[in-house]
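Asker: Each chain, letter by letter, is given below.
4 protein chains.
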Amino acid sequence: MGNGIKVKYIFDGMNKRKIINDPIYGFTTIPDDLIYDLIQHPFFQRLRRIRQLGLTDYVYPGGTHSRFAHALGALHLMTEAIDVLRNKGIHITNKEAQGAQIAILLHDIGHSPYSHALERKFIPWSHEEISLEFMKLLNVEFDGKLDEAITIFTHRHKKKFLAQLVSGQLDLDRMDYLNRDSFYTGVAEGVIGYQRIIKMLNVVDNQLVVEEKGIYSIDKFLHSRRIMYWQVYLHKTVIAAEQMLIHWFEMIVKSKTGIKYIPSLGALTAIPPLKEFSKKILMKFSSIDDSDVTMGLKSSLNSGDPNIVVLAEGLLNRKLFKCQLSKKPFSALEIKKVQKNCNHPNLIFIGKETNAGYSTKLNEIMILKKGNVVIPLSKVSDFNFSMNIDTKYYIIYS
Amino acid sequence: MGNGIKVKYIFDGMNKRKIINDPIYGFTTIPDDLIYDLIQHPFFQRLRRIRQLGLTDYVYPGGTHSRFAHALGALHLMTEAIDVLRNKGIHITNKEAQGAQIAILLHDIGHSPYSHALERKFIPWSHEEISLEFMKLLNVEFDGKLDEAITIFTHRHKKKFLAQLVSGQLDLDRMDYLNRDSFYTGVAEGVIGYQRIIKMLNVVDNQLVVEEKGIYSIDKFLHSRRIMYWQVYLHKTVIAAEQMLIHWFEMIVKSKTGIKYIPSLGALTAIPPLKEFSKKILMKFSSIDDSDVTMGLKSSLNSGDPNIVVLAEGLLNRKLFKCQLSKKPFSALEIKKVQKNCNHPNLIFIGKETNAGYSTKLNEIMILKKGNVVIPLSKVSDFNFSMNIDTKYYIIYS
Amino acid sequence: MGNGIKVKYIFDGMNKRKIINDPIYGFTTIPDDLIYDLIQHPFFQRLRRIRQLGLTDYVYPGGTHSRFAHALGALHLMTEAIDVLRNKGIHITNKEAQGAQIAILLHDIGHSPYSHALERKFIPWSHEEISLEFMKLLNVEFDGKLDEAITIFTHRHKKKFLAQLVSGQLDLDRMDYLNRDSFYTGVAEGVIGYQRIIKMLNVVDNQLVVEEKGIYSIDKFLHSRRIMYWQVYLHKTVIAAEQMLIHWFEMIVKSKTGIKYIPSLGALTAIPPLKEFSKKILMKFSSIDDSDVTMGLKSSLNSGDPNIVVLAEGLLNRKLFKCQLSKKPFSALEIKKVQKNCNHPNLIFIGKETNAGYSTKLNEIMILKKGNVVIPLSKVSDFNFSMNIDTKYYIIYS
Amino acid sequence: MGNGIKVKYIFDGMNKRKIINDPIYGFTTIPDDLIYDLIQHPFFQRLRRIRQLGLTDYVYPGGTHSRFAHALGALHLMTEAIDVLRNKGIHITNKEAQGAQIAILLHDIGHSPYSHALERKFIPWSHEEISLEFMKLLNVEFDGKLDEAITIFTHRHKKKFLAQLVSGQLDLDRMDYLNRDSFYTGVAEGVIGYQRIIKMLNVVDNQLVVEEKGIYSIDKFLHSRRIMYWQVYLHKTVIAAEQMLIHWFEMIVKSKTGIKYIPSLGALTAIPPLKEFSKKILMKFSSIDDSDVTMGLKSSLNSGDPNIVVLAEGLLNRKLFKCQLSKKPFSALEIKKVQKNCNHPNLIFIGKETNAGYSTKLNEIMILKKGNVVIPLSKVSDFNFSMNIDTKYYIIYS
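Residue numbers (numbering that gives the first Met the number 0), protein chains in the order written: chain A, 0 to 397; chain B, 0 to 397; chain C, 0 to 397; chain D, 0 to 397.
Please note that the accuracy of each hint is not assured.
[Said to hold, decoys possible] Covered stretches of chain A, as calculated for chain B (at least 3 residues, CB under 8 Å):
{"hint": "1", "stretch": "55-64"}
{"hint": "2", "stretch": "183-191"}
{"hint": "3", "stretch": "291-300"}
{"hint": "4", "stretch": "312-320"}
{"hint": "5", "stretch": "352-365"}
Hints were generated in silico from the structure; no laboratory data involved.
Ideal placement from N, C-alpha and C gives every residue a C-beta, glycine not left out.
Could you put together the complete structure from these sequences and hints?
Answerer: Below is the structure:
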């Protein structure tokens, strides 16, 4: 049974081919039954309950879209890219196409709620590593039908371009999230010409390349990404909120009374080595979503610990701390000055955020010039690559 | 103190005039300090944690916007409408303008989470009545500064058009939600020409009217509304999910073990008469949001009651029941047939949904014709008013 | 040789597969070499020089798009519709697909400039009849490769749905022009959910049908069409301008000195019976575009005939006549009153315009209900069909 | 009396305040009667008949918008910018506001048809110089009411920021045309966040500045502009078409029989020194629009000169010449090779095009940092300014 994400059997009773209405791409199609079943799986359905942008809606109230919508969007772009490449004569078997589609569909399945805030601090593995553990478990459940997807996801497939479409400096994940985050936040500067970029994709020697005519669109893509970093992902108010959440969680964990208020969050503090990941651990991990954190915040208002209460109340009612940014570390003097003038001198958070940007060191975007010459983007583009690793230091206080 | 929803003091340090980036309207402005402080109030901030469309994202994954974003959008349209009317020479004092803005900002503050599903069944008062109780409490806190807003909200202001802008057959609430729900779900049919309608507003004898040139836009508005009802708000999969939630909650309440899993939800089952609404009760009500319901669903998976588990798991993992719609009630025979063929014969939900539509009986939209003649819309429009009260009967089963 | 409408050989040097960037649909593709060659033909290139909306830019300055862009848009929608139908198992051969694509591409090739104003008065044949003559001539030039297209265009193909996609009450021509005219004029009310409608198309017994789930979208489509008629196509200022053009042309033709100012326009006054249409006549017809009319207007400023000058100057400099509309014919008394008060009593134009609307009499849109039952739209929709033939009477004067 | 660009007297019979529907900005308003009368003037109405992008629709069929729509759009942005500045406490009198609005409204009034192709070659004055002559003439006609506008337009107003809004490295002209050209061509990369930029404008010491928070939007603006240059304005097919038009016109002028075919074009070849610009000359100039060129092309098909015919037919029927671009000049050898292999060795056009880009030398965009420090953009932005003067060499042949 299954009654669909949205709407419609192409042939009544025959299969599970479904149409989903996406506000950005319009009608999109779920390509086959296996993918339909993966979408219907509880591991994937959990992504409905995790916001893509975590705490960003404090700054951009429209940015409340879910990781679920993003994963479906990335799937759609993968389907389009495969179609474009096949039309250019690139041979891609149905099995390979399905593998690439599954790999991108599930690429974020290992994210925790509020991952930007919580993962870096508390989870010793990257979300991709955890996504892979989920994929392995699903592969058992689906009798090995995810073999191809896993080979692609782990960059072991001989057609390297398939993995590059999933994860690289110009992958369909980024294309969807830049577009989607821009659409929902209303930050017009982040819009990218994804349609044009996809039309310009090609493959040479099993490597993904972009035809020369697409250079301006790639420049624009890199530029949009940098803008979205400083204007959205690393907006100073968002950084403040994330640090408040991190420190709140740290206190809750340490507090004798804390974690019992919302026991499910305990799972995030006890992640074992990857090889010990069992079905039980993944099930537990998968039971946690944004609502656990919200409920944890609300419960902790009664914790009696004034620091915990200040942070929890601040996050629930948007009484956010102030955040100063600087291009160099704050001096001891500057910190002292802040300590003197703030309300909670023991709640000052100091650190830095880095926008990694485009790397000219490894796995560059490759450009296909006339005469089948392939050269790295940094050799032909006039994008300012030197400025692309930005670090900003912050001091956060109330 | 807080540092703003978004971005920017027009004059550093002077006041709290803020700009908010809305994906539909672009940059919008918070008109004054009082309204800024109301937005920053915990009662209003709670709306961040309540989805405007409840369970609709099962059908339209993009539809995850919050009541918070909707209320700010309606505020923006109110500001625009007041501006248009003043430009036409309609006298509106600053106090009246602020009152209308506050009234629409707070019009939904009394909504419970998943209100469409939960309110009708469990809460004996309309959300407007509860919103009013919140407004009264805020009025105390803000030293009577909400007097004007309350007079408008309760339709007791002598300039009746102010109340009509807040709540009527062509109010700014509807204009924002039709637009916003359409934008986020991707249902292009729901888009309305709100800009044109607002430009055509006028006032005659203290009553809101629409200038004749706006008739086609009004027709379109009514049409869009009807489409959104059947295609989004009362989509059969959404009806199924809502009925599942209602019945799950009913069982949880009755179950001996149930409500203790998530005690906060208990507040929804013990709403006193309006005149007994105390600060304490409103605080309790205001502590509940979507996350309580989600956590309740997750907790109840361990309830041991198979019916509760079927419904909770269905809602969490999108194993939704089937829903058949019909223009007439289902016969006993039809029901029996369904009972025989379904998985859970004791979990069949029968009922009806009505799309109330435009009323030609009372408070019609009034059209201003040449020569200052004012006549009801139904006398001049070729919209099919007779079809406008639609009832559909449903039977829901697994 | 040509080098493409836009941009790009998918395989260098191999064929003429081209991509066109459409502001509404994004990247669209020219399906094959024959269609490419037809687009490059002078008969089709002429459509670049004819505005789709004629004189409408007096009211909506953005509405300056060409018939060329519309024809390419309709071609794109045809390609999408064929794809949807094939995915539902409807058998359409490549030859049939190409035929339908060519038929819709060329459906407007027989339009004169400012056709709404000039054709009805001066050309005894419909533009479809002239389009057919062009198609026949092209068929000779292209060695019979347009046979299938002509069979479809003339509704003689056994797969009737192919013709219905080209011309019917729900054809792809209308879908493109409603969308495009709405996009360019900025009349948001005209936007239709074309993507959804196309996804809902199906075929039963060789007839085009719409699946039941598409009913609301069809209602919206009919509604948008009616709005576009009165708000754009038959806007009273546009009617005034068109009548001014018609009467100017009539005077020019009759005037002894007139037509010599711009001899090319003479061709429009000497259209022979269809069976006498020769290559020479079509070449002459095809040499005329908007610029001939503009130049004619400018030349006639020196004609010495004050009536001609008033009309020409009015059209060039937007000193347009006034237009009153009424639901019933103007009485002799009303006309006399206007005559007394206007500047040019001999330049009063009286007549009527009709928005034909949806016909419930013949060739209804057919709806596919469950159980493969097919019924006419008017039996299941709540659109107000009775109001659908609207006539408005006008009186135009300066 | 006029009857309006669009639609609506705010007060019937009182004044000429009008609303215009713009597909990009929605409803926009004509600010006062004087501006209304200027828009209704034949000099301005002529801009309806001149396409903003000249021959660009050969590459982007949607790009057929007029200079008229652009000028109204720039007027709208000026109104918005003045509103923002006044809200920040910058004193701008009504007279100054009107002057700035008129200056930007009329800034392009001196353009010839197909100006990019024809002006540089045949007209010894910039279009701004000719616009100024038109403004002076209008100032006589309107009894000196354009004094303020002329002072601003010629950068002699003491509030320098008013002129900077009209013409500078971040003026409202550019903001409108980048947006509009992007909208109509469908080149998504050109979209700029104009709303955000305008909100960030401020004034220090009578100079226009951008608040620091707007830096990313400015970077994006410069980037979009560069993209639009190479992807649209200087697209190689557009360059080819422009060179064809230039050479066709040159031949027509030299030919003994040529110019008589379309005598009006003669005016473009006989532009006197600026101080000799008389009303008569401006009237003549103003009588020419796109249709004269189109008619000229069509007439010249019968000229008997095979070179003229090749070019005219190529332009009319889109049989465009090929264009090769290179970063360095073509060598004699390369040119010889082309000559050998092309169809018309005497019709080879060689030259270069330069995208001037952002200048760090003079009149930089100024950024307002905290503490009221103002510094040039190039000192704080990470845009790649060094690459900003690009020259490309072309060789064009058939």
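Asker: Against each hint, give a clear statement of whether it holds in the structure.
Answerer: We went through each hint and held it up to the structure:
1. 55-64: holds (count 8)
2. 183-191: holds (count 4)
3. 291-300: Check passed, 4 qualifying residues.
4. 312-320: holds (count 5)
5. 352-365: violated (count 0)
Going through the hint list in order, the structure does not satisfy hint 5, though it satisfies all others.
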